[in-house]
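Residue numbers (the working numbering), protein chains in the order written: chain A, 165 to 339; chain B, 121 to 284; chain C, 383 to 753.
Note that these hints are calculated values from the structure, not bench results. Hints are supplied without guarantee of correctness; some may be wrong.
[Said to hold, decoys possible] Below, in silico cross-link-like pairs of lysine-lysine (BS3-like), each with a Cα-Cα straight-line distance of 25 Å or less:
1) B:138 x B:281
2) A:262 x C:386
3) A:324 x A:233
4) C:609 x A:266
5) C:576 x A:216
6) B:207 x B:217
7) C:420 x A:300
8) C:432 x C:680
9) A:200 x A:266
10) B:207 x B:269
11) A:324 x C:730
12) A:300 x A:200
13) A:266 x A:233
14) B:273 x A:336
15) A:300 x A:336
16) C:576 x C:519
17) B:273 x B:217
18) A:262 x A:204
19) C:432 x A:300
20) A:324 x C:680
21) A:166 x C:614
22) A:166 x A:300
23) C:657 x C:680
24) C:386 x A:166
25) A:216 x C:609
26) A:262 x C:614
27) A:233 x A:327
28) C:432 x A:233
29) B:207 x B:138
30) B:138 x B:273
31) A:336 x A:324
32) C:635 x C:519
33) C:730 x C:386
34) A:336 x C:432
35) A:204 x A:327
36) A:166 x A:233
37) C:420 x C:614
38) A:204 x A:233
39) B:207 x B:273
40) A:327 x C:432
So you can see what is in the structure, the chains are spelled out below.
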Amino acid sequence: MKTREEIFNVLKQEFPEDVFEILNQPMEPIIMVDPKAIHKVSFYLRDTEGLKFDSLMVLSGVDDANGEKTTDADGSQTINGGTLSVYYHLESLELGHKVTLKVSTPRDNPEVESVESVWRCADWHEREAYDMFGIKFLHHPDLRRILMPYDWDAGYPLRKDYKNPEFYQGMKIPY
Amino acid sequence: MKSLLDQEFSDSNIVITKTEDLLNWARLSSVWQLGFGLACCAIEMMATSASHYDFDRFGVIPRATPRQADAIIISGTVTLKMATRIKRLYEQMPDPKYIISMGSCSNSGGPYWEHGYHVLKGIDRVIPVDVYVPGCPPRPEALLEGLLKLQEKIRNESLVKKTA
Amino acid sequence: MALKTEEMVLNMGPQHPSTHGVLRLEVELDGELVVNVKPHIGYLHRCFEKHAEAMNYNQVVPYTDRLDYLASMYNSFGYAVAVERLLGIQVPERVDYIRVIMGELQRIASHLVAVGTYGVDIGAFTPFLYGFRDREKILTLFEMTCGARLLYNYNWVGGLSHDLHPDFVPMTREFLKYFKGSLVEFNNLLSFNKIFIERTANVGVLPLDTAVNYGITGPNLRASGMKWDLRKNDPYSVYDRFDFEIPVGRGEKGTTGDCWDRYYVRIREMEESVKIIEQALDQLPDGDIQSAIPKRIKPPVGSVYARVENPKGELGYFIVSDGSANPFRLKVRGPSFVNLAVLGELCKGHLVADIIAILGSIDIVLGEVDR
Chain A
165 MKTREEIFNV LKQEFPEDVF EILNQPMEPI IMVDPKAIHK VSFYLRDTEG
215 LKFDSLMVLS GVDDANGEKT TDADGSQTIN GGTLSVYYHL ESLELGHKVT
265 LKVSTPRDNP EVESVESVWR CADWHEREAY DMFGIKFLHH PDLRRILMPY
315 DWDAGYPLRK DYKNPEFYQG MKIPY
Chain B
121 MKSLLDQEFS DSNIVITKTE DLLNWARLSS VWQLGFGLAC CAIEMMATSA
171 SHYDFDRFGV IPRATPRQAD AIIISGTVTL KMATRIKRLY EQMPDPKYII
221 SMGSCSNSGG PYWEHGYHVL KGIDRVIPVD VYVPGCPPRP EALLEGLLKL
271 QEKIRNESLV KKTA
Chain C
383 MALKTEEMVL NMGPQHPSTH GVLRLEVELD GELVVNVKPH IGYLHRCFEK
433 HAEAMNYNQV VPYTDRLDYL ASMYNSFGYA VAVERLLGIQ VPERVDYIRV
483 IMGELQRIAS HLVAVGTYGV DIGAFTPFLY GFRDREKILT LFEMTCGARL
533 LYNYNWVGGL SHDLHPDFVP MTREFLKYFK GSLVEFNNLL SFNKIFIERT
583 ANVGVLPLDT AVNYGITGPN LRASGMKWDL RKNDPYSVYD RFDFEIPVGR
633 GEKGTTGDCW DRYYVRIREM EESVKIIEQA LDQLPDGDIQ SAIPKRIKPP
683 VGSVYARVEN PKGELGYFIV SDGSANPFRL KVRGPSFVNL AVLGELCKGH
733 LVADIIAILG SIDIVLGEVD R
């Protein structure tokens with residue numbers, strides 16, 4: 165069983181440019197990783213003796229809402245710039261330790277490498293992050309919307325500046 | 121006005137009544153429903169069909185296909201993705217057909233009325249509803265009362281005047 | 383000369399008597415054999431995460447009930463554990479014990495629905511009625527405590543909404559005594575029935591390394607042979623004070639990890655839950671259940687991921703807080719969402735009727751899949 169600081173040191177030695185820093189938060193420390201290299205880091209985490217992270221617990225997208233907020237004519241907000249993040253919570257069923265990784269991508273063109281080939285569990289989680297936030301996962305076998313209808317063209321619902329359309333296929337949406 | 125079985129027969133086994141009453145009595149005693157459970161209210165509908173609050177004693181049997189069903193009980197939240205399919209099922213049912221809207225989600229959107237970007241605020245935006253049963257989820261007794269109100273409505277139908 | 387054949391695409395649509403809710407399966411068939419199954423979900427997407435960002439931490443509790451509507455005591459249990467870990471508060475012991483008792487009763491109720499509807503899918507209608515008869519007794523106990531039959535709003539952040547009724551403990555003991563005989567009856571009806579075994583043994587075998595890679599948890603993982611239960615491996619609340627076993631699939635009637643194993647693990651889990659409730663009732667302390675409820679919930683900036691063992695698997699809540707009274711981001715890791723993804727792998731090479739048997743044994747609830 166390793167602590168998060170030890171895991172961070174091992175990763176920093178192996179991937180000096182891709183693993184950035186460890187954020188020490190009150191609840192759990194988080195390791196920041198480069199979005200285009202998360203694939204290599206995940207393979208290393210899964211296969212190395214002593215780490216053996218064989219299970220991805222959850223993969224979630226978060227809208228950081230740290231860009232500049234402008235107010236439009238009808239009172240609603242639009243956010244320009246800033247980042248979208250993806251959090252990965254990993255666990256080892258054999259050795260019993262856990263780790264949290266985080267990647268940040270720019271809001272205007274969010275692209276992250278897919279980890280679907282490492283853990284098949286990530287397949288649907290990444291489709292949901294794409295559906296709700298618009299984050300594109302490169303080399304995902306089948307990236308399309310999963311919860312919203314396939315022809316939904318009104319944006320990505322869980323972003324902080326999402327505006328609701330009035331009608332969808334003839335049905336009135338607001339109350 | 122006494123119902124058919126409450127009248128006393130002076131001449132054995134000959135009953136004189138109106139055709140309307142006979143047809144309405146036959147229709148309300150065997151409302152076959154399409155087995156259509158969407159969300160939490162479906163579990164209460166299943167509990168109503170189970171042995172404690174038996175639905176079968178009113179003549180209500182679940183059928184698998186809309187072509188053989190008289191009524192749909194819309195139980196649960198209706199989303200935009202599902203609403204188009206419900207409309208198609210409604211059009212596949214033969215006349216006379218009845219809709220019971222069970223639970224607050226299908227009455228008017230329920231607890232998801234404020235920020236639900238994918239929730240249809242009430243099934244009556246898509247198909248016409250006969251009986252609304254309130255509750256979240258409604259107790260089985262409430263659903264039985266909804267069924268009795270539907271039977272009341274069928275009893276007062278007329279062959280001559282057109283319904284929806 | 384060989385006959386020219388083509389594959390056919392069949393749609394088992396959102397309205398289907400046996401798909402446990404609104405799930406659409408796109409099945410590619412070669413005659414009667416299945417080549418591929420693709421699930422399409424999202425027909426019950428109710429925007430839970432958007433609502434959670436607009437409400438206080440307290441106001442989210444009724445919405446968590448409606449996620450897995452067959453096990454709503456456990457959903458709010460998990461949410462309360464997550465927020466209490468974020469705030470760093472400790473609840474009184476009586477609250478913990480009552481949460482465990484309600485949670486285990488809810489586990490029995492949820493498994494009764496699972497095995498009852500599994501019987502209906504296979505073709506046997508009677509176990510459904512027996513299961514619902516016993517479930518009505520449990521729902522009477524819940525109604526006595528908090529007034530609702532299905533969706534309770536009972537586990538608040540830092541405490542509970544109502545204390546136990548004075549008649550609750552004797553009535554629960556009576557129910558447990560009755561239930562042990564009822565389980566034997568259930569087993570005689572369905573578990574060791576020859577037709578049921580023919581339909582479910584050696585069907586939909588899930589190997590252990592595939593299960594771990596797909597992130598399967600709960601009774602499905604235990605049926606494939608791994609002894610992993612969050613109540614023992616990562617204990618929360620007061621579960622480390624009870625003595626109970628973890629049932630694991632042993633391949634008694636076929637291969638380890640087939641549908642019969644997944645079904646039988648649930649029956650044995652119900653027996654273990656009875657043991658836990660008896661021990662909890664014996665150790666139940668006194669106290670005030672609402673003393674630790676904070677007046678205003680404003681957690682520090684940060685994020686937490688907390689998980690509990692739902693009847694269907696590992697239910698996790700990932701909360702990101704920015705210091706205000708509403709959660710900044712609340713993500714729910716629903717066990718059924720993750721368990722459903724493996725359906726395509728399991729159904730390859732089986733017959734069409736086996737799809738229903740496999741889907742019923744995974745035991746999904748669409749409220750959790752779509753949120």
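Results of checking the hints against the structure:
1. Taken as a hint, the residue 138 of chain B and residue 281 of chain B pair is honoured in the structure, with Cα atoms around 15 Å apart against an allowance of 25 Å.
2. For the hint linking residue 262 of chain A to residue 386 of chain C, the alpha-carbon distance of about 54 Å lies beyond 25 Å, and the restraint is violated.
3. Between residue 324 of chain A and residue 233 of chain A the CA atoms are separated by roughly 10 Å; this keeps the pair inside 25 Å, and the hint holds.
4. Between residue 609 of chain C and residue 266 of chain A, the direct Cα distance comes to roughly 30 Å. Violation of the 25 Å bound is thereby established for this hinted pair.
5. With a C-alpha separation of about 42 Å, the suggested pairing of residue 576 of chain C with residue 216 of chain A is violated against the 25 Å cut-off.
6. Proposed proximity of residue 207 of chain B and residue 217 of chain B is supported: the alpha carbons are some 13 Å apart, at most 25 Å.
7. Simply put, residue 420 of chain C and residue 300 of chain A have alpha-carbon atoms about 22 Å apart, close enough for the 25 Å limit, and the pair holds.
8. Annotation: proposed proximity of residue 432 of chain C to residue 680 of chain C holds, straight-line Cα distance about 19 Å (limit 25 Å).
9. About 12 Å separates the Cα atoms of residue 200 of chain A and residue 266 of chain A, which keeps this hinted pair within 25 Å; it holds.
10. A threshold of 25 Å between alpha carbons decides the hint, and for residue 207 of chain B with residue 269 of chain B the separation of about 24 Å falls inside it, so the pair holds.
11. Of the supplied pair hints, the one linking residue 324 of chain A and residue 730 of chain C is violated, its CA atoms being roughly 41 Å apart against a limit of 25 Å.
12. In summary, the hint linking residue 300 of chain A to residue 200 of chain A is supported, as the alpha carbons are separated by about 12 Å, within the 25 Å threshold.
13. For the hint linking residue 266 of chain A to residue 233 of chain A, the alpha-carbon distance of about 24 Å falls within 25 Å, and the restraint holds.
14. Of the pairs offered as hints, the one joining residue 273 of chain B and residue 336 of chain A is violated, with about 29 Å between alpha carbons and a cut-off of 25 Å exceeded.
15. Between residue 300 of chain A and residue 336 of chain A the alpha-carbon distance is near 30 Å, which puts this suggested pair outside the 25 Å criterion.
16. Taking the CA atoms of residue 576 of chain C and residue 519 of chain C, the gap is about 30 Å. The hint is violated against a cut of 25 Å.
17. Distance restraint check for residue 273 of chain B and residue 217 of chain B: the Cα-Cα separation of roughly 12 Å lies within the 25 Å cut-off, and the hinted pair is therefore satisfied.
18. Proposed proximity of residue 262 of chain A and residue 204 of chain A is supported: the alpha carbons are some 18 Å apart, at most 25 Å.
19. Note on residue 432 of chain C and residue 300 of chain A: the hinted pairing holds, with a Cα-Cα distance of about 21 Å set against a maximum of 25 Å.
20. Taken as a hint, the residue 324 of chain A and residue 680 of chain C pair is honoured in the structure, with Cα atoms around 21 Å apart against an allowance of 25 Å.
21. About 20 Å separates the Cα atoms of residue 166 of chain A and residue 614 of chain C, which keeps this hinted pair within 25 Å; it holds.
22. Distance hint between residue 166 of chain A and residue 300 of chain A is unfulfilled; the C-alpha atoms sit about 32 Å from each other, more than 25 Å.
23. At most 25 Å may separate the alpha-carbon atoms for a hinted pair to count; residue 657 of chain C and residue 680 of chain C exceed this at roughly 38 Å.
24. A threshold of 25 Å between alpha carbons decides the hint, and for residue 386 of chain C with residue 166 of chain A the separation of about 59 Å lies outside it, so the pair is violated.
25. In summary, the hint linking residue 216 of chain A to residue 609 of chain C is supported, as the alpha carbons are separated by about 18 Å, within the 25 Å threshold.
26. For a cut-off of 25 Å, the pair hint linking residue 262 of chain A to residue 614 of chain C stands: about 16 Å separates their Cα positions.
27. Taken as a hint, the residue 233 of chain A and residue 327 of chain A pair is honoured in the structure, with Cα atoms around 14 Å apart against an allowance of 25 Å.
28. Only pairs whose Cα atoms come within 25 Å are accepted, and residue 432 of chain C paired with residue 233 of chain A is accepted, the gap being roughly 19 Å.
29. Between residue 207 of chain B and residue 138 of chain B the alpha-carbon distance is near 35 Å, which puts this suggested pair outside the 25 Å criterion.
30. Restraint check for residue 138 of chain B and residue 273 of chain B: satisfied, since their Cα atoms lie roughly 17 Å apart, inside the 25 Å limit.
31. As the CA atoms of residue 336 of chain A and residue 324 of chain A are separated by approximately 22 Å, the hinted pair is consistent with the 25 Å bound.
32. With a C-alpha separation of about 32 Å, the suggested pair residue 635 of chain C and residue 519 of chain C falls outside the 25 Å cut-off, and the hint is violated.
33. For the given pair, residue 730 of chain C sits about 22 Å from residue 386 of chain C by alpha-carbon distance, which is consistent with the 25 Å threshold.
34. A hinted pair counts as satisfied when its Cα atoms are at most 25 Å apart, and residue 336 of chain A with residue 432 of chain C qualifies at roughly 19 Å.
35. Restraint check for residue 204 of chain A and residue 327 of chain A: not satisfied, since their Cα atoms lie roughly 37 Å apart, outside the 25 Å limit.
36. Restraint check: the Cα-Cα separation between residue 166 of chain A and residue 233 of chain A comes to about 42 Å, which exceeds 25 Å; the hinted pair is violated.
37. Distance check on the hinted pair: residue 420 of chain C and residue 614 of chain C sit about 35 Å apart at the alpha-carbon level, beyond 25 Å; violated.
38. Under the criterion of a C-alpha separation no larger than 25 Å, the hint pairing residue 204 of chain A with residue 233 of chain A is inconsistent with the structure, at around 35 Å.
39. Only pairs whose Cα atoms come within 25 Å are accepted, and residue 207 of chain B paired with residue 273 of chain B is accepted, the gap being roughly 23 Å.
40. The hinted pair formed by residue 327 of chain A and residue 432 of chain C meets the criterion: a straight-line CA distance of about 12 Å does not exceed 25 Å.
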